[in-house]
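Enquirer: Protein sequence lines correspond, in order, to chains H and P.
Per my numbering: the first sequence ends with 295, consecutive numbering throughout.
Per my numbering: the second sequence ends with 1135, consecutive numbering throughout.
What the hints contain is simulated information worked out from the structure, not anything from laboratory work.
Predicted model only: the values in this text are computed from it and were never measured.
Idealized CB from N, CA, C, for every residue including glycine.
Check before you lean on any hint, since a few could be wrong.
[Stated by the list, open to error] Output of the computed footprint for chain H on chain P, the stretches with three or more beta carbons under 8 Å from beta carbons of chain H: (1) 1021-1030; (2) 1040-1047; (3) 1067-1076.
[As the list claims (entries may be wrong)] Not close to chain H: a few residues of chain P, all C-beta gaps over 10 Å, as computed: (4) Gly1033; (5) Ser1104; (6) Gln1123.
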Amino acid sequence: MQNMEALPYFPGCTLKQRAAGFDRSARDVFSALGSPLAELAGWNCCGATFPLTVENLLDLTGPARILVSARAEGTRLAVACAACYNVLRRTNHLLRTDAEKREKVCLFVESEYDGDLEVVHILELLHREIGCGHVRQALRRPLEGLRVAAYYGCLLLRPAAEVGFDDPESPVLLDELLAAAGAAPVSYPHRGECCGGYLAVRSEEAALGASKRVLMAISAAGADVVVTSCPLCQYNLDRRQAAIARQEAGFRPVPVLYFTQLLGLALGADGAGYRFDEHYVDPRPLLKERGLVEG
Amino acid sequence: MKVTLLPEGLRPALQRRVEEVSGQNVLACYQCGKCSAGCPAAGVMDLLPSQVIRLVQLGLVEEALASQTIWYCAACLTCAARCPKGVDLPRVMEALQELAMERSGDHLPPGRLSAEALAEWPQQAVVGGFRKYTW
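Build out the structure end to end from the sequences listed, making use of the hints.
Expert: As structure tokens, this is what we get:
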């Protein structure tokens, strides 16, 4: 088992609020594998979306401050939330490649920053550094053929040149990690397509349309459970199932977990603090049936 | 899509503004439709994404600003990943959102949201929604 130094870790605001189960399970996973996550001493919200208009420097200051704080604690920063990962990677890329903007933003946040921090997503750390072999060795409750739909969403994958660590149209890393934990990943379309994101704030219908396409495919593929790495994907896919069941007679609801919740249980965690009771589609019957939680 | 071109309807200055704010050359688009084909929100849009950029190309920015489409962009970047001409359409959409709000203020005034809705949505949705929909 590897023993690495504690990894500087940025949870983001949602992982302290609605997605506390994601935060807790991510910490459990990394502790079980010998590389504990160490939350940054001081941090702020990343802003949830990367500013797309080219002169919007103000919305870069939040993520820039995070990069500066993280750089004071090391040369790498682990991130679990796909949105935070996307914002921080894209901000880092912009600051590295645009000297004029870097100078202006650094002046505003009153810090020097060279762009020499590496922002890494926990999935990449788990698969490429810690490795599937170590995960397999550390298993306490192998997932025994549990049919899992790995849902990547959009923020981990695009734009591929700036954030991508996996194929943008046919990603595999999460599937392979789950297979190492003993699960049987199911194949289905739309794995890297948008769940609707923040559209729910404006129109439930729009969010429903996007999530429905993904969920119908997952249900048809016979998955027992869906896993994701984004609080908004988890919310959209979980929340919309009641409405889909009303619209489509044959739709079979499928619980939606953060991949670290499932992996944490597989690595021996007891699930305390995973907040399964807050999910819309209750995952506990399935987890009890599979011996992953007591009950 | 029927488009009527009249000299008084064409606003090259506004078209240049969209290009400046988005950093995109809208004339690079050759209307292949891949963006519209892959857009997860196309089902609820009044104009397709490729139609919006067509309007901007023709200088008919006002019509683009009046569409519901620009507010349904989730910035998922499926279109940008697939565009054969490298046009970053989400940047154009955000530029149009900003121009619209510059004129009319918040698209989604925070005061209009119920306490129940705010309690239900994850923080990420609230922050993201306010970032995109308020001025």
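Enquirer: Hint by hint, note whether the structure agrees.
Expert: Comparing the hints with the structure gives:
1. 1021-1030: holds (count 3)
2. 1040-1047: holds (count 4)
3. 1067-1076: Answer holds; 5 residues pass the 8 Å Cβ test.
4. Gly1033: Glycine 1033 of chain P clear of chain H: closest Cβ-Cβ about 17 Å, beyond 10 Å.
5. Ser1104: holds (15 Å)
6. Gln1123: violated (4 Å)
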